[in-house]
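Please model the complete structure; the sequences and the hints are all you need to start from.
The lines below spell out each chain.
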Amino acid sequence: MTVVAPPRLRRSAAARFVRNREALLGLIVLVVIVGISVLAPWLAPHDPNAGDPENVLNPIGAAGHLLGTDDQGRDVLSRLLYGGRGALVVATVAVAIATVIGTLLGLAGAFAGRRTSGVLMRVIDLLFAFPVILVALSLAAIVQPGPGVLIGTVIFGAVPYVTRIVFAEAKIEREKDYVEAARSLGASEPAILLTEVLPNLVSSVVIYGTSLVGINIVFTASLSALGLGIQPPNPDWGRMISEGAKVLVTGSPGVATFPAVAILLVALAFNWLGDGLRDVLNP
Amino acid sequence: MTAVLSVDGLHVDFQLPGAVVNAVRGVDLEVHPGEVLALVGESGSGKSVTAASILGLLPGTARVTAGSIRFEGNELVGLPDKRLNVFRGAGIGMIFQDPVTSLDPSFTIGSQLGDTARLHLKVSRDAAREVGHTWLDRVGIADPERVLRSYPHELSGGMRQRVMIALAGLSGPKLLIADEPTTALDATVQKQILDLLLDLTGETGTAVLLITHDFGVVSHTSSRVAVMRAGAIVEVGETAQVLGAPEHPYTRILIDSVPAIGQRHAVAGQERRLLSATPHTGRVQLSDRTAAPRPDTGEPILELAGVAKEFAIGGLGTGRHKTTVRAVDDVTLSVRRGEIFGLIGESGSGKSTLARLAGGLLPLTAGRINFDGTDVTAVDKHDLRRRFQYVFQDATTALNPRIKVGDQITRPLLRLGKASSRKQAAQLTSRALDLVGLSAGYADRYPREFSGGQRQRISIARAIALEPDLLILDEPTSALDVSTQATILNLLLDLKDELDLTYLFIGHNLAVIEFVCDRIGVLKQGSLIETFEADDLFAADRQPATRALLDAVLPLGAPLTTKD
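Keeping their order, the protein sequence lines are chains A and B.
To convert, note that position 142 of the first sequence is 142 in our numbering; the numbers rise steadily by one, no gaps.
To convert, note that position 544 of the second sequence is 544 in our numbering; the numbers rise steadily by one, no gaps.
Treat the hints with care, since some could be wrong.
Some chain B residues flagged as far from chain A (calculated, every beta-carbon gap over 12 Å) [what the hints assert, rightly or not]: (1) Ser6; (2) Asp8; (3) Gly60; (4) Ala90; (5) Leu121; (6) Ser219; (7) Gln241; (8) Ala245; (9) Arg356; (10) Gly360; (11) Leu384; (12) Gln393; (13) Ile403; (14) Gly452; (15) Lys496; (16) His508.
Calculated cross-link-like contacts (lysine-lysine; reagent style DSS-like; alpha-carbon spacing at most 27 Å) [what the hints assert, rightly or not]: (17) B:Lys82 with B:Lys122; (18) B:Lys404 with B:Lys418; (19) B:Lys381 with B:Lys404; (20) B:Lys404 with B:Lys423; (21) B:Lys404 with A:Lys171; (22) B:Lys418 with B:Lys381; (23) B:Lys418 with B:Lys322; (24) B:Lys174 with B:Lys82; (25) B:Lys423 with A:Lys171; (26) A:Lys176 with B:Lys322; (27) A:Lys171 with B:Lys381; (28) B:Lys322 with B:Lys381; (29) A:Lys176 with B:Lys418; (30) B:Lys122 with B:Lys174; (31) B:Lys191 with B:Lys174; (32) B:Lys418 with B:Lys496; (33) B:Lys404 with A:Lys176; (34) A:Lys176 with B:Lys381.
No wet-lab data here; the hints were simulated from the structure.
Positions of the beta carbon are idealized from the N, C-alpha and C atoms, including for glycine.
This is the structure:
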């Protein structure tokens, strides 16, 4: 009584992704920005760190400087093209690490005994209450301010959120019959966690992680603006905003505005991508 | 006699992204004053959509595209919500399937009844409370004062459905729409609720449109019945006429799908199957091991001695005192090799807990369990898991939604050493899929791409691919439509003969249990009341609990003239 399988009705995830305008737009914006950052050495018309005392605070559209120059005569366009490199790498790497740590902690919390899980989650609650800016300041005191401080701070700030979300979802998954079915089919507890439950959590983690990158691009920019992140004279969007703010009202709005727009665009794109992925991965 | 409700050529479309689904295509219905009309069909046949469109309760994606719905001569299609509200409640009452979700959890029963009374009867707050009190009395609630002060979660399912009937009834509607009012309830409660509904509507002459999938309910309650399939009505007629001599083949299938008590011996000298299907009992081989039939010695394969299980609830951090609940209490039974042992009981009687205890999925509080002569706590876990398998109630949750079904079958094969290589595991998988009536081509799909019945077949394939000795079936068909249930039951009976399996079949439907099983055990509140041969179900010395279950079975009523 063999039945030939009829053709499949569902579209693949990739096809659904392409049909989702929001996700596609987010992805395109990101690809463009990442591409520009990678190709910055070839695209930039000037050395981003080379000051020119003769051409300080050139207006937008000045000869040779399309977006003008800052208070040290450095080309704003070149600095803009280079400025995303640090922020993008730092935010992506830090959130990726935080997601892995948070997922493992959340899974362990959900499947551990009552006492272990209680202790773990109360510690996570404590981390929630800890001011992240203090972490950044202490890290900067211990190691040199720079990308390391940013990564450490973002991990510290993001892990509790990821853990909470994974914990809550894994607790729901744990009660589902397929976990018990896997147990009855001889799977060990670690195998159940990693091969049965984890695939059901991946989509929410990816979606949440994508939005987290967007948030943390803004956050690392703030830290850099405070002087805890990327150090001068290296170009960084956050640093550019804080330096440009000084000349914002004196007739050179472009110095701070262009990096601000860039940050806004990246953060929006990551959030669009996250929202779109939610629709694609959880049909 | 003019109809209370007449539906003419009703069409309802669902506008989904990329597709339009014609859920209802040309339904004609008439409900006359004082009659009970049953609308029967399987899930997805459009019966609930029809009911929802009468009250204008369709979801946002649905639209009535053609046809008319007239209530006492008033056209309801196209009326704005404000004008429909004149008819809702006062003219047409509604009782929903699940009393848990259809009562507002944040308000007391008293305030919900009172609000309805004040709205429809225009009485004062105190008088409304009086009305609520009398109605709770009428629906057979013993202590109305306490119930009026209670929140929905403090009441049992049967009580909540009584409250729903009071809510729908107190405004004195001309028509009551009951959408599967007893599906979520235990069999013994179902009959009480149906009788209550009949009594109340009989007193006031209210017409009832009863939506159900159960022909037992139809036969027990309705005077006329309409059978619905794929959005259209295929047969309408007097209940006795339709049940006794159905004209449409689909009606016949629906009726024959449900085993009647005593049907196991309907055809003498032949293996029992539903829908007059021919048994497939040729010995098949999944692998070499089953080539020789296992001796059917009648020895016990599973023995439970004084098994008990307590659950702790409350304690630190829950805001409640720590207490223990005895879910299973001193159960002793044995399942013989080669038989189908049925375990029946109401919800909360501990049957699923007992099933999990038997396979060592839950730790025991007291007692001993032997599987094939060895204690399950001492035996090698790999060997136990391979020989002792489960099929769970709801395949939608028992299959991992994010893993391809092929992988879900091959993984345990490799893990438990049933197959030594991926290739061999894949071969076994496709043979197991063949055996349950699917094909190997389904292996690379995800569970969501299958229907409910197909998913349960996959669950069964996953269990039998391991060639177990004992299969525990925990309500394997209660989440399925009746015609699907019939094919799954036939499949299980076929597989048992083909693969020399022993079943422990858990259920709450006595007709199904009696049809499938050789011996039956009755569980009540965690205790095993009695065990007996299925043939002795009607013996004089049955316990009251068993008799209650037997009384709760709603027979088809009409003589089974269709048997041939």
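Verification of the supplied hints:
no.: 1; hint: Ser6; in the structure: 37 Å, holds
no.: 2; hint: Asp8; in the structure: 34 Å, holds
no.: 3; hint: Gly60; in the structure: 18 Å, holds
no.: 4; hint: Ala90; in the structure: 41 Å, holds
no.: 5; hint: Leu121; in the structure: 44 Å, holds
no.: 6; hint: Ser219; in the structure: 33 Å, holds
no.: 7; hint: Gln241; in the structure: 35 Å, holds
no.: 8; hint: Ala245; in the structure: 31 Å, holds
no.: 9; hint: Arg356; in the structure: 7 Å, violated
no.: 10; hint: Gly360; in the structure: 9 Å, violated
no.: 11; hint: Leu384; in the structure: 9 Å, violated
no.: 12; hint: Gln393; in the structure: 8 Å, violated
no.: 13; hint: Ile403; in the structure: 6 Å, violated
no.: 14; hint: Gly452; in the structure: 14 Å, holds
no.: 15; hint: Lys496; in the structure: 17 Å, holds
no.: 16; hint: His508; in the structure: 17 Å, holds
no.: 17; hint: B:Lys82 with B:Lys122; in the structure: 18 Å, holds
no.: 18; hint: B:Lys404 with B:Lys418; in the structure: 20 Å, holds
no.: 19; hint: B:Lys381 with B:Lys404; in the structure: 26 Å, holds
no.: 20; hint: B:Lys404 with B:Lys423; in the structure: 16 Å, holds
no.: 21; hint: B:Lys404 with A:Lys171; in the structure: 23 Å, holds
no.: 22; hint: B:Lys418 with B:Lys381; in the structure: 14 Å, holds
no.: 23; hint: B:Lys418 with B:Lys322; in the structure: 44 Å, violated
no.: 24; hint: B:Lys174 with B:Lys82; in the structure: 20 Å, holds
no.: 25; hint: B:Lys423 with A:Lys171; in the structure: 35 Å, violated
no.: 26; hint: A:Lys176 with B:Lys322; in the structure: 25 Å, holds
no.: 27; hint: A:Lys171 with B:Lys381; in the structure: 26 Å, holds
no.: 28; hint: B:Lys322 with B:Lys381; in the structure: 32 Å, violated
no.: 29; hint: A:Lys176 with B:Lys418; in the structure: 26 Å, holds
no.: 30; hint: B:Lys122 with B:Lys174; in the structure: 18 Å, holds
no.: 31; hint: B:Lys191 with B:Lys174; in the structure: 23 Å, holds
no.: 32; hint: B:Lys418 with B:Lys496; in the structure: 20 Å, holds
no.: 33; hint: B:Lys404 with A:Lys176; in the structure: 17 Å, holds
no.: 34; hint: A:Lys176 with B:Lys381; in the structure: 22 Å, holds
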